[in-house]
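Could you build all of it, start to finish, from the sequences and the hints given here?
2 protein chains.
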Amino acid sequence: MNDSHFLHGFLNPKSVAIYGANNKGNSLAGLQIMNLIKSSYDGKVYPIHLKLPSVMGFKAYKNISNLPEIPELVVIVLPSNVVPQIFRECGEKGVKRIVLISGGFRELVDDRKNSLTEEINNISNEYGIRFIGPNCLGVYNNWYGPEDEKKSFNIFIWENLKRSKFSIASQSGTLSCHIWYDPENLDLGLSRSLSVGNEANVDIVDCLEYYKDDEYTEIIGLYIEEIKRGKKFLELAKEITPKKPIIAIYVGGSKAGNRALQSHTGALAGNSKIYNGLFKETGIIKTDYVQEFLDIAFIFSKGIIPKGKRLGIITNSGGPGAMVANNAENHGLIVPEFSESLQKELKSALPLTASFKNPVDCTFDMDLPYFYITLPEILMKSGEIDAIIQYGVVGFQEVLDEYLKYDQIAKHAEFHHQPDEFVDTLVQKLLQPTMKNCQKYSIPILYINPMNFNAPWSKKLRKNGAMLFTLWDRPVNALAKVCEYVDYKQKRK
Amino acid sequence: MNDSHFLHGFLNPKSVAIYGANNKGNSLAGLQIMNLIKSSYDGKVYPIHLKLPSVMGFKAYKNISNLPEIPELVVIVLPSNVVPQIFRECGEKGVKRIVLISGGFRELVDDRKNSLTEEINNISNEYGIRFIGPNCLGVYNNWYGPEDEKKSFNIFIWENLKRSKFSIASQSGTLSCHIWYDPENLDLGLSRSLSVGNEANVDIVDCLEYYKDDEYTEIIGLYIEEIKRGKKFLELAKEITPKKPIIAIYVGGSKAGNRALQSHTGALAGNSKIYNGLFKETGIIKTDYVQEFLDIAFIFSKGIIPKGKRLGIITNSGGPGAMVANNAENHGLIVPEFSESLQKELKSALPLTASFKNPVDCTFDMDLPYFYITLPEILMKSGEIDAIIQYGVVGFQEVLDEYLKYDQIAKHAEFHHQPDEFVDTLVQKLLQPTMKNCQKYSIPILYINPMNFNAPWSKKLRKNGAMLFTLWDRPVNALAKVCEYVDYKQKRK
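Chains A and B are the protein sequences, given in the same order.
Per the numbering used here, the first sequence runs over residues 127 to 619.
Per the numbering used here, the second sequence runs over residues 127 to 619.
The hints are simulated quantities; they were obtained by calculation from the structure and are not laboratory data.
Bear in mind that the values here come from a model prediction, so they are computed numbers and not experimental data.
Each hint should be verified, as a subset may be incorrect.
[Claimed, not checked] Partial pick of chain B residues on the chain A-facing surface, computed with a CB cut under 10 Å:
hint	residue
1	N161
2	A382
3	K531
[Stated by the list, open to error] For lysine-lysine, the following DSS-like pairs were computed, each having C-alpha atoms within a straight-line distance of at most 27 Å:
hint	chain 1	residue 1	chain 2	residue 2
4	A	K150	B	K537
5	A	K585	B	K188
6	A	K381	B	K470
7	B	K507	A	K381
8	B	K276	A	K537
9	A	K277	B	K531
10	B	K585	A	K586
11	B	K381	A	K433
12	A	K277	B	K537
13	B	K473	A	K531
14	B	K585	A	K288
15	A	K537	B	K150
16	A	K537	B	K188
17	B	K531	A	K589
18	B	K531	A	K140
Note that the Cβ used here is the ideal one computed from N, Cα and C, for glycine as well.
The structure is reproduced here in structure tokens:
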């Protein structure tokens, strides 16, 4: 447990005051107070507003000094010029934690001397305040009240996300909260998220320190434009990665990238070589792509980590099999040719036109239990592979149902619609033994169904625990990075 | 027009006989005859079956000799050992075109001498037959009857796809037809598709030759495991790429990839360096990823081709802006710092906290006409950029609607649900002037909305012609490849 870490209070406040809160939809502070309602937050909410008597049904206060208690957290969404004054008022009230959403500090050309930042830093030192921001979006805790799945402390995420043990610390607000708009896009879920903005007081290193001993964090995602305390970061990362994977996006190094950073968080121009070296040394998984960032976290979140980098490929089509094999090897995975005994075992069970050397291509085969259960089990038992990519888990019944809409077909076809319950049971029967085997052998299967991620069959597979992708590019690249990390861990043992 | 090319008849037959056709759902030939029905094919259909009197409502024939006419196309889906006999029967009947779906030829270890392939080649030579395959999935023509959008000649695609001028030739069946399962995943559409399989008779070079002068083909997609006629391929590609872009996936080069090819189409081990050189010399756009293959084609399919590689970035969030800038430069695009006059123009119109050097980051700005119309127009008019990536075109009304589901919010909120017609009109107003400007300046905008591709706002944007992506990785990489091609074309002028 890490209740004692100062960030714990930022994520678990029993009361929160919001400067700028209002009843509008097109204002950040309006959205934030609505998120508290939406996420069933049951602490006290104190809007602070000069004119409104109440905001979203909560009694409003003109000034923090009028509040009946010292709020455990203060959120500020007002223009930067009034922020020093608010900080001082908060200090006088006894406030110890502030989330400073407002932009307009060092990222502005006009404040290159950071005089405003210096001012609020001085005030917070004077009163013993810790603050997150400025120029951030806030904090999120999906385990606020662990016993009640619906409850979270959320001021910045627009959707209801499922719980997981993936936690984020990010110098970009968007990367901390706006990449999951629709959970239908992804099965990853989220634990905590901390948008640190310009890092005038709290930085990514603080977040790492907190996540290190956090029982609700097993995978850490970072978005980095600049690391301010390099030595401490290095120490912490080295300590964490043997236990919890860290996935990092680092932006910087290119001319355009550096220019973008300067006007974003005011970060100084970075050198991507130095960062790449740092990541390599500490076993941090680096990616340039937000989708890959999520995919890698997704693989880890399923909890079945491969023991090595040998990939078995099961497919019912040669092209995707060949592309997976080719890309896998080019990204550092090993696609071993199977031993003669394993080839023999596979050959005896496969159709004549199938291939069995790896990839295993069973062509247009309709024997579902064989495809979903037997084949993966043979591979897992063999001891010759560490992970499986399986292409072709399509919702064939949906395809047939489409044909049945045509009278001429419906009249003559020797097949018919299967009731949903039948398909439900079928998917369950096909997947459950294999999911157990994945656990037993610690061999993950990355499934691919080129149909829509939310097509009926896809949904059923996902519901039964399948790690599902829609095309075959992403799983290869993400798995390769997972296996690189596994390699790093093993070499350090 | 290229009616005279021998492949024209394969795509526009007035009659087709199918060996192996049946009423089953789990058989290739069953699916094929159903596709003919589903795609409103109005030619004659002759199932050939030893026992069934009719198939899917079409009168069946025991033998091709009994058919009342010479079918313009014959499709064979029967085991390889009976194929030579069928070829001979077809020859005797006077058939000139066969699509040979059956596998079990040179890709099998047992037929490394290709004796079966040799046999059918000899027979087809004897009778003047051209055939596609073996080991393929068939052909597709989305312009069979150009006047009727619903009509196509389709034996292998399971969905109804929209028409476009993107045509495919592929040595993988899946790559030729099973990457669009659900058109909801993609707005690309399809024109023709030719699955060439083992290429015993018709090869990818024939397809290129056909697509070269085909009025319904403006973008060509290839999946290649092996090129049999290298010299002719080179000649044709050089002739085509100045007019029509060719996008190619080449698989091979890695050990595992080569092994996969051998058991897939029987292709010989390839050397990726030779192929990369070939592609570079001919201006073929090469990719290793099926998603990128589709994305590149998608950008071309919109018909607005950038004139150079200078990228303008519009965003309402710093992180995605910085990532786009960084990845763009790393992939060969130029992200120019705007001229002082352009910066001045932007600065005067943007909020205080915004940045305007490129990326243009307008932060959490709610002025939609400015974001959707004015900003892109300022960039286009400036002459300083050739393409735009715009992050943040979110469906904010949908987000607000979600909040309104909570009583406490609905009771106090100063905003309300907007009727669908209002939103429809809004999107139309926001997009149409910009779509016109894209045409006028020949500057494409690649929009990004991290919400689901089929969320209401996304759907409306797409309906109004927007080129939409869900995250910011793919558009950068695909655009970089499009611009490389533009560069190739300009250098050859």
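Here's how the hints hold up against the structure:
1. N161: With a closest approach of 9 Å, the B:N161 hint holds.
2. A382: This interface hint holds because 3 Å falls under the 10 Å limit.
3. K531: holds (9 Å)
4. A:K150 / B:K537: Holds. A:K150 to B:K537 sits at ~12 Å (cutoff 27 Å).
5. A:K585 / B:K188: At roughly 43 Å apart (the allowed maximum being 27 Å), B:K188 and A:K585 break the hint.
6. A:K381 / B:K470: holds (21 Å)
7. B:K507 / A:K381: At roughly 24 Å apart (the allowed maximum being 27 Å), A:K381 and B:K507 satisfy the hint.
8. B:K276 / A:K537: holds (22 Å)
9. A:K277 / B:K531: holds (17 Å)
10. B:K585 / A:K586: holds (25 Å)
11. B:K381 / A:K433: holds (22 Å)
12. A:K277 / B:K537: holds (22 Å)
13. B:K473 / A:K531: violated (57 Å)
14. B:K585 / A:K288: Given pair B:K585, A:K288 holds - Cα atoms ~25 Å apart, limit 27 Å.
15. A:K537 / B:K150: Holds, at about 12 Å.
16. A:K537 / B:K188: holds (22 Å)
17. B:K531 / A:K589: The given pair, whose Cα atoms are some 26 Å apart, holds under the 27 Å limit.
18. B:K531 / A:K140: holds (25 Å)
Consistency with the previously given hints fails for numbers 5, 13, ordered from lowest to highest.
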